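These protein sequence lines map, in sequence, to chains A and B.
Going by this note's numbering, the final residue of the first sequence carries number 257, and the count climbs one at a time with no gaps.
Going by this note's numbering, the final residue of the second sequence carries number 514, and the count climbs one at a time with no gaps.
Bear in mind the hints are in silico, worked out from the structure with no lab data behind them.
Please note that the accuracy of each hint is not assured.
As the list claims (entries may be wrong) - Output of the computed footprint for chain B on chain A, the stretches with three or more beta carbons under 8 Å from beta carbons of chain B:
id, segment
1, 22-28
2, 32-41
3, 228-240
As the list claims (entries may be wrong) - Here are the simulated EDC-like cross-link-like pairs (lysine to aspartate or glutamate), alpha carbons at most 20 Å apart as the crow flies:
id, chain 1, residue 1, chain 2, residue 2
4, B, Lys367, B, Asp351
5, A, Lys249, B, Glu425
6, A, Lys251, A, Glu168
7, A, Lys45, A, Asp94
8, B, Lys302, B, Asp351
9, B, Lys394, B, Glu493
10, B, Lys488, A, Glu236
11, A, Lys231, B, Glu425
12, B, Lys506, A, Asp75
13, A, Lys251, B, Asp476
14, A, Lys212, B, Glu493
15, B, Lys340, B, Glu324
16, A, Lys110, A, Asp75
17, B, Lys402, B, Glu462
18, A, Lys179, A, Glu114
19, A, Lys68, A, Asp95
20, B, Lys508, A, Glu236
21, A, Lys76, A, Asp88
22, A, Lys251, A, Glu236
23, A, Lys231, B, Asp422
24, B, Lys302, B, Glu279
25, A, Lys249, B, Asp476
26, A, Lys110, A, Glu136
27, B, Lys488, A, Glu136
28, B, Lys436, B, Asp426
29, B, Lys469, A, Glu168
30, A, Lys251, B, Glu493
31, B, Lys508, A, Glu205
32, B, Lys506, A, Glu236
Unchecked claim - Facing chain A, a subset of chain B residues (Cβ under 8 Å, in silico):
id, residue
33, Gly266
34, Tyr490
35, Asn491
36, Glu493
37, Lys506
What you are looking at is a predicted structure, and each value in this text was computed from that prediction instead of being measured.
Virtual Cβ for every residue (Gly too), placed ideally from N, Cα, C.
There are 2 protein chains.
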Amino acid sequence: MVFQSSTYGKVLVLDGVIQLTERDECAYQEMITHLPLCSIPNPKKVLVIGGGDGGVIREVARHSSVEKIDICEIDKMVVDVSKQYFPDVAVGYDDPRVTLHIGDGVAFLKEVPEGTYDAVIVDSSDPIGPAQELFEKPFFASVAKALCPGGVVCTQAESIWLHMDIIEDIVANCRQIFKGSVNYAWTTVPTYPSGMIGFMLCSTEGPPVDFKHPVNPIDENESQKSVRPLKFYNSEIHTAAFCLPSFAKRKISSKAN
Amino acid sequence: MVFQSSTYGKVLVLDGVIQLTERDECAYQEMITHLPLCSIPNPKKVLVIGGGDGGVIREVARHSSVEKIDICEIDKMVVDVSKQYFPDVAVGYDDPRVTLHIGDGVAFLKEVPEGTYDAVIVDSSDPIGPAQELFEKPFFASVAKALCPGGVVCTQAESIWLHMDIIEDIVANCRQIFKGSVNYAWTTVPTYPSGMIGFMLCSTEGPPVDFKHPVNPIDENESQKSVRPLKFYNSEIHTAAFCLPSFAKRKISSKAN
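Build the full structure now, drawing on both the sequences and the hints.
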């Protein structure tokens with residue numbers, strides 16, 4: 001469903017859950033993309049699982065080091081609806097580095113040669129329903145395999161206000177699979193449940209990745225002139241995103257580093 | 258109105274607007290209190306305007322340096338309802354350092370001798386309606402007068418997602434009145450509009466106050482044993498609270514420092 005809201009502009013809804021609104025999509029898309037890509041020195045090959053609306057690939061395309069952007073979206077209607085109603089989001093598809101694969105991300109990853117990507121971004125819906133597999137250990141293991149040494153993954157990881165039990169499970173799974181670092185970050189997104197969303201940021205064994213201190217800053221001068229300026233992300237909010245309220249820190253810190 | 262919600266526990270509503278819920282009140286009360294009090298070395302006298310539910314004074318009472326806590330609440334029913342339905346919030350009234358004044362905060366401040374308080378916390382409702390005066394220059398001027406040199410004020414200051422125009426006005430007013438520093442911070446509060454709330458943090462002329470780097474950290478060991486541990490606030494989230502999304506930074510930074 002697509003509808004026009006009085007305060008947030010046009011809204012995209014899947015299975016009854018708000019996926020994005022024109023007013024606040026910048027927070028989600030910019031953070032889920034630049035948190036991982038600004039944490040490694042020179043991202044070249046990037047895979048996006050989900051993200052059919054095109055917002056994440058729009059953000060990936062800001063990075064001039066990137067040579068290849070694969071996106072695997074299971075639902076072609078999301079792509080079509082986004083192109084029709086959310087041109088400022090679907091604009092991501094205009095970048096010539098993008099290849100769209102319509103299909104199951106889990107199956108797609110199985111065919112990916114080991115060590116292919118510098119970064120994988122998992123822009124999925126919630127872990128209850130069709131996206132459940134994307135929060136489980138076998139999926140994380142395929143992601144780890146598809147990443148080069150010191151490669152990074154960023155996956156949507158729910159709200160600390162509402163889903164602390166799910167988050168603890170995800171953190172535990174990631175700790176077992178990713179031998180680099182495992183971190184939790186969050187951002188404000190008004191139209192998501194509880195007004196925020198979290199991300200798991202993990203790296204594979206290899207050159208160490210210090211997610212909290214971006215080594216590859218992106219700012220307005222660096223991004224392509226044809227692209228709109230960043231609305232939300234900056235290096236300070238990158239670092240701040242890893243600071244957790246005490247109730248969440250107590251539960252996550254013992255498991256993440 | 259008080260009602261029981263399925264996810265957030267008991268909820269207090271004034272004039273149709275959610276004031277607090279049992280699940281997330283910790284974020285608001287801890288941040289509006291410890292952001293100012295942890296930014297000055299030795300707070301002794303603290304005034305709370307509004308905050309009749311008792312949550313802010315509960316947090317002020319964690320600071321062992323504090324000798325006197327005045328609270329001026331205009332609506333006695335808020336105090337009574339909180340004591341009846343929100344005992345974990347109203348527990349703030351049990352502290353012997355607290356004096357409750359029922360009355361208008363604007364009038365109360367006019368009678369306060371110059372330089373009385375180390376900190377003033379303005380826990381008001383929104384600037385449209387009865388609390389409007391609390392966001393205007395004459396009120397800020399009375400606050401500044403009531404503060405000692407290098408004293409601090411923290412006032413509820415709306416959401417950057419929804420009320421950027423109001424925030425710009427508040428920042429401009431504060432810049433004229435407070436000759437120390439003027440800063441904007443924010444926190445996640447799921448049940449407030451847009452899932453977040455901001456704060457203005459200002460200091461008077463005198464010993465400089467660097468709000469972004471707390472000089473008076475409070476942690477679980479320091480707080481009284483009879484009080485519950487901090488749920489939300491810690492020194493890292495204190496500093497992180499001053500990091501703004503780019504769209505807000507562009508509008509606020511030119512006016513605040």
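Lysine 110 (chain A) paired with glutamate 136 (chain A) [C-alpha distance capped at 20 Å] = holds, 15 Å
20 Å Cα cutoff - pair lysine 302 (chain B), aspartate 351 (chain B) = holds, 17 Å
request  = Decide if the proposed pair is consistent with the structure: lysine 251 (chain A) and glutamate 236 (chain A), CA atoms, cutoff 20 Å inclusive.
outcome  = violated, 25 Å
message = For a C-alpha distance cap of 20 Å, please report whether lysine 231 (chain A) and glutamate 425 (chain B) respect it.
response = Roughly 18 Å separates the two Cα atoms, so the pair holds.
key: Outcome, coverage hint (the segment 22-28 of chain A, chain B; C-beta under 8 Å; three residues)   = holds (count 4)
task = Compare the distance between the alpha carbons of lysine 231 (chain A) and aspartate 422 (chain B) with 20 Å, and conclude whether the hinted pair is satisfied.
result = Measuring from Cα to Cα gives roughly 17 Å; hence the hint holds.
message = Tell me if the straight-line CA distance from lysine 508 (chain B) to glutamate 236 (chain A) falls inside 20 Å.
response = With a Cα-Cα distance of about 16 Å, the restraint between lysine 508 (chain B) and glutamate 236 (chain A) holds, given a limit of 20 Å.
query = Given the proposed pairing of lysine 506 (chain B) with aspartate 75 (chain A), does the C-alpha separation stay at or below 20 Å?
reply = With a Cα-Cα distance of about 37 Å, the restraint between lysine 506 (chain B) and aspartate 75 (chain A) is violated, given a limit of 20 Å.
message = Run the distance test for lysine 110 (chain A) versus aspartate 75 (chain A): straight-line Cα separation, threshold 20 Å.
response = Holds: lysine 110 (chain A) and aspartate 75 (chain A) sit about 19 Å apart, inside 20 Å.
key: Coverage criterion applied to the segment 228-240 of chain A (partner chain B; beta-carbon cut 8 Å; 3 residues)   = The restraint on the segment 228-240 of chain A holds, since 10 of its residues have a Cβ under 8 Å from chain B and three suffice.
message = Against the 20 Å threshold, does the CA-CA distance of lysine 45 (chain A) and aspartate 94 (chain A) hold or violate the hint?
response = With a Cα-Cα distance of about 17 Å, the restraint between lysine 45 (chain A) and aspartate 94 (chain A) holds, given a limit of 20 Å.
ask   = Taken at face value, is the distance from the CA of glutamate 493 (chain B) to the CA of lysine 212 (chain A) at most 20 Å?
value = Roughly 12 Å separates the two Cα atoms, so the pair holds.
Comparing the model with each earlier hint shows violations of hints 2, 4, 5, 9, 10, 12, 15, 22, 24, 27, 29, 31 and 33; every other hint is respected.
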